[in-house]
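Going down the list, the sequences are from chains A, B, C and D. Reminder that position 183 of the first sequence reads as 183 in my numbering, one-by-one numbering, no gaps. Reminder that position 140 of the second sequence reads as 507 in my numbering, one-by-one numbering, no gaps. Reminder that position 331 of the third sequence reads as 1065 in my numbering, one-by-one numbering, no gaps. Reminder that position 73 of the fourth sequence reads as 1174 in my numbering, one-by-one numbering, no gaps.
Since the hints were derived computationally from the structure, they do not count as laboratory data. Predicted model, so just to flag it, every value in this text is computed and none were measured. Cβ coordinates follow ideal geometry from the N, Cα and C atoms, glycine included. Check each hint, because a few of them may be wrong.
List of simulated lysine to aspartate or glutamate pairs, EDC-like, C-alpha gap at most 20 Å [to be verified]: (1) B:Lys477 x C:Asp845; (2) D:Lys1377 x C:Asp845; (3) A:Lys127 x A:Glu19; (4) D:Lys1377 x C:Glu806.
Here are some chain D residues pointing at chain C (derived, C-beta under 8 Å) [said to hold, decoys possible]: (5) Asp1252; (6) Val1365; (7) Trp1387; (8) Leu1405.
Label-pair restraints from in silico Cβ distances [claimed, not checked]: (9) D:Glu1104 x B:Gln610: 47 to 57 Å; (10) C:Asp886 x B:Asn484: 22 to 32 Å; (11) D:Asn1332 x C:Pro748: 43 to 53 Å; (12) D:Ala1221 x A:Lys7: 54 to 64 Å; (13) D:Glu1104 x A:Ser342: 51 to 61 Å; (14) C:Pro793 x B:Asn484: 49 to 59 Å; (15) A:Ser87 x D:Leu1157: 52 to 62 Å; (16) D:Glu1154 x C:Asp981: 31 to 41 Å; (17) C:Leu790 x D:Pro1115: 29 to 39 Å; (18) B:Gly657 x A:Glu239: 14 to 24 Å; (19) C:Asp981 x A:Ser342: 40 to 50 Å; (20) D:His1152 x B:Gln610: 28 to 38 Å; (21) C:Leu980 x D:Gly1352: 41 to 51 Å; (22) C:Leu980 x D:Glu1154: 52 to 62 Å.
There are 4 protein chains.
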Amino acid sequence: MSERTSKRAVLVEPNQPVEIWDHPVPPAQSGEVVVRVLMSGVCGTDVHFWHGEVDLPGPLVLGHEGIGAIEELGEGVTTDFAGAPLSIGDRIYWVPLSPCHHCHYCTVEKDLSLCENGMAELFRDAKQPPSACYSELSWLPAGMPFYRIPDDTPSEAVIALGCAMPTMLQGMDRLGGIDINQTVVVQGCGPVGLAATLLAKLSGARQIIVIGAPEKRLAVAQSFGATDIINMEDVTSEEERVQRVLDLTQGRGAEVVIEAAGVVSAFGEGLKIVAKNGRYLVVGLWSAPGTIAVEPRYLNNNNLRIIGTALYQPEHLYRAIQVAQKHHHEFPLAEAVTHRYSLEDSQQALEAVARLETVKAVIVPSL
Amino acid sequence: MSERTSKRAVLVEPNQPVEIWDHPVPPAQSGEVVVRVLMSGVCGTDVHFWHGEVDLPGPLVLGHEGIGAIEELGEGVTTDFAGAPLSIGDRIYWVPLSPCHHCHYCTVEKDLSLCENGMAELFRDAKQPPSACYSELSWLPAGMPFYRIPDDTPSEAVIALGCAMPTMLQGMDRLGGIDINQTVVVQGCGPVGLAATLLAKLSGARQIIVIGAPEKRLAVAQSFGATDIINMEDVTSEEERVQRVLDLTQGRGAEVVIEAAGVVSAFGEGLKIVAKNGRYLVVGLWSAPGTIAVEPRYLNNNNLRIIGTALYQPEHLYRAIQVAQKHHHEFPLAEAVTHRYSLEDSQQALEAVARLETVKAVIVPSL
Amino acid sequence: MSERTSKRAVLVEPNQPVEIWDHPVPPAQSGEVVVRVLMSGVCGTDVHFWHGEVDLPGPLVLGHEGIGAIEELGEGVTTDFAGAPLSIGDRIYWVPLSPCHHCHYCTVEKDLSLCENGMAELFRDAKQPPSACYSELSWLPAGMPFYRIPDDTPSEAVIALGCAMPTMLQGMDRLGGIDINQTVVVQGCGPVGLAATLLAKLSGARQIIVIGAPEKRLAVAQSFGATDIINMEDVTSEEERVQRVLDLTQGRGAEVVIEAAGVVSAFGEGLKIVAKNGRYLVVGLWSAPGTIAVEPRYLNNNNLRIIGTALYQPEHLYRAIQVAQKHHHEFPLAEAVTHRYSLEDSQQALEAVARLETVKAVIVPSL
Amino acid sequence: MSERTSKRAVLVEPNQPVEIWDHPVPPAQSGEVVVRVLMSGVCGTDVHFWHGEVDLPGPLVLGHEGIGAIEELGEGVTTDFAGAPLSIGDRIYWVPLSPCHHCHYCTVEKDLSLCENGMAELFRDAKQPPSACYSELSWLPAGMPFYRIPDDTPSEAVIALGCAMPTMLQGMDRLGGIDINQTVVVQGCGPVGLAATLLAKLSGARQIIVIGAPEKRLAVAQSFGATDIINMEDVTSEEERVQRVLDLTQGRGAEVVIEAAGVVSAFGEGLKIVAKNGRYLVVGLWSAPGTIAVEPRYLNNNNLRIIGTALYQPEHLYRAIQVAQKHHHEFPLAEAVTHRYSLEDSQQALEAVARLETVKAVIVPSL
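Chain A with its partners taken away, still in its complex shape (with noise of 0.2 Å):
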């Protein structure tokens, strides 16, 4: 029998289309799962990478959004990583990032989104087995999270939005939630707007302002639950933004802002807009670098609390499959999947997403 290969979509060098490579994929080990690329979202961050704005050790498989049919189960593997039982052929949800169990922050701090080793499996060498997903099979080394996807989850629902879910549940546990009745403005409808949104709306906020563009996401933020939009191609400036919002908000600004904007200015315009004794969470500046002026005396005085967030922990991709299942029918979780591109077609999705006019794009290998 010839060996088992799977082809993958590679980053070799930056800014160059990516190419696709084809090398074997071993047998799973004790411990290690292989399983089938079924979908692979196309992330915000993977266009950061092609981009060039990440540093990189080498080429590079991308994809960190993975939904796949277990192909095989190395000895030991009976179930996922919240104990459901496992079929070849059931699919699962996972992520290349794994904690190692071993660091300051995975045992002592207990935040494994800091784990000091967790990345290391995202930035194999691209001739071995890839964790990452857009491939046509992918390999999950053991300790590596993922969760069963229930029969009655579409594979869309789970990934609409992506790893920015998971980003976001951990940015829900960091805040400390939102309560019933409270008042929230999200800044950004991308997938962590979008994510910010939903997870408002069920939280049971008031009062969901989304600050954005362009009209076509702002209006799925308006089927995920969005009370009120301020389209920024509209209203251009941050003077007028602000002032909206204090007119929408009883004039004390919002007692929950969420930054999902990616852009520094955002931030500034965040204090401007959240309440006296508010909370101010920022998630999405991962990958942005630059700095604002700002005036501490204004966060002493207002009795405000800013939240950082960045990535997410294991439980937050179960509760994201967990979101996926409840609420598929209520809100149009699947439809937020415009764009399926083949494997092959990977550079057309990555430039597609950087022109923004996907909601979310996938790709799919069986295309």
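Based on these hints, arrange chains B, C and D on the given structure of chain A.
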């Protein structure tokens, strides 16, 4: 019988010497209390008022840290605001902030420190009976919280850190406390920094690094529990101070940083010394205008929390007395009162505080 | 001009029909408000009073869930207790509980629901102007919190679940909220259970299992968000009900259980259906004496939390109005008011509630 | 070279003397560690095992509080579980509980103390290399957490309260900490009660009332920070003890009560001495079956919280070392180790603990 009057120190014009006025104090009406002032703390904020850094509506009786003996109880006043029975002559501690229990912040947010009407009494006409305490007699209107000081607790121990102690007690609440074994940096060693140091010690912090000057105050910080001192007169560059903190914390920074320095640059320095997943309490910048450049991505990616806190609420005044009662034997609280002035010498008191000559100065009207 | 009087329903003796008395209501003095009662909720607690299950000091005007139109504003009353401006004729919602802001619980614990003096007004001499609301006119003394009802919000929607809604809102605060995707069991489907169901729904609970009877109330629970119903008239054994819950929760029990049944046996049943690491909110047993055997080790070893909560605080009354305003279109809140009675028919109202014939009964003095 | 073996103390049959067996300990494989045991704590739970109060699958090597020197590091083991580098001979602290990171509780709830598989290693076949520590050598499988003990920290200080210290550290987390100035009652003065006393002291509790016996242990409680002692040998009636606590707490009871008594009746007594709005942590009843009658209304109406907590998580073991390191000079931790036994005398150790003769007994295999 001639009418009862009270001398009081009045700030008539910014940057001019305070004047001693003498005006009547009428009998206590229903719900009111008249006290004979025993000791009045001189706060840095009084200096800010004197320097004209806060706009005032007119001549102002200074003093918001008052200990007095009850002279007269209005009808219906039988207990303090924690239900303790009262007698003529009892010592009480009060502050001329009165939550209105009627505004959005008092009743909906239940954050009395943001009461929209709470400061009205602070700015009373200086000819009226003053609720402020640079005065022989002070008059507490109905609803102004005050607490009885237990007999076993010296007035000096209560007033040692003045309003900095209740302010830091609210800060600790908003921070969510300091866990046993956490590492803490306190920026500043004025009353707020000293209160932060003591409360960190009482909370079981593993390491309390105090950054400040002059030596005299750092020595008090050590007597209050500081485990490491960084004297800003010796370590004059921010870069070097940051490195010292990293060296003392296994390269990770402190799990909790408390800004009690009152200068804007401290905010930028603080962000460099707070550990990933750490918390930064900003408490000292109430009257410090100015901006500083920050990189929002840094907050985002390090899972930081910044928590602002201003002023305090009645319960924190009560708890400040409890701290003094419980700990004045163990820690040299009363010794922090290094300077005493007569009411007539109020101006000298302000000037001494402005020159940072004191740890804590008080006005004793009976001198 | 003849003196203004108000008819009122007075409980003179337990288990005897309430009487209609008529006595003067004098002009509103400083800080006071006189309202014309529009609607008064009939609460199960009124029935407990009638049945003599609470010792009363004398004849009692019933009614602690009042909506009225402002008839007269005393001097100085220009806003409600959240700072909203007031005019004659505005509808307000109030409750005759007045925190004293003077006792240990009000100011040190800041838990106004435990105020040592807060219930005094509830037990006023029945010949005096009543702050209770089975009355044509009610009189609110200075300091008794009330809130304006927005024009877009029907009175029925506000009063639909009566004091059960603010009680459950405090319960949610004390519980620490329900996270998105959690599983909840509500024991009981009277007003407290229905409020719990609605608030769980608004909080994004994944699964809301309501155990109760009769069918009519369970139907309301379903309209408020219950995902599963266990009708106690059908499933009569505790053992079987416990099994049903385990079957619905993958054998683990519910992450949150809310006791709103008002019978002691529910407590034992609740402990059997709460998951490890779960939380059990006990809110319905305020007037239910009796003991039950528990195994403390079970709490210990399963990392359970039991949280008791009684009554509520002013902010919860305010938030109850917000819930009605925001959600009365989406959920049939107003339809929960199934029975209306004139003041003269107060006795019939009590009897109907005692027979569990109603979902919610109200007294409308203008009938 | 002859094969390496290790003597170990094996419980073969309940209520029969433990036997000393000697079997091989093979080389450390990848991820594994072999340690030479320096000190093994004798825990009350070992006595419960010996008494047959827990069903065992077969002969059992006892001991779950182990300090050892690293004898051999398997491939890939370069740090402890907090990232500290390791060398042969380093002292480490471990416990034979291994979170699986695969089950519902580990990954969804992230409560590793409830791991469904974590105790498997505790019940290994007694002929296999033991991860338990009544042994000359112990063997730690891959994934079993352990932490390096700093050189400045005596082993006795770490093991003084054995697993009671990490258990109480988890208890403090679940409790939500003790605030500065709160009043605390600790029921019991065995290792759990002593750990509770010390942690309450470190948290800044105002008053720490310890109820227990015998005198010898109460004296240790006083050296750990107890402010008041109620000796159960003197104050033998529950009623009288309850009255003492009320007398010491202004009639309100304690804001925090910690059950560390291990007897069911303590639970009923605890409910009588917890203040309104107070919290009751139940930590000592892990192996104490039995029921007691409670009045659920009491929990409801007094706004009480009851918090159960069992076992602990890896971070708590780490923090236990930190507590010892920081505080062993200030508090006589090491002196709590009152009895030392050779491995061969393990049976005598169990019997001494069963007779409550010891504060803490340890087995020192080198004796």
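query = Where does the structure disagree with the numbered hints, that is, which hint numbers, in rising order?
reply = 4, 5, 12, 14, 15, 17, 20, 22
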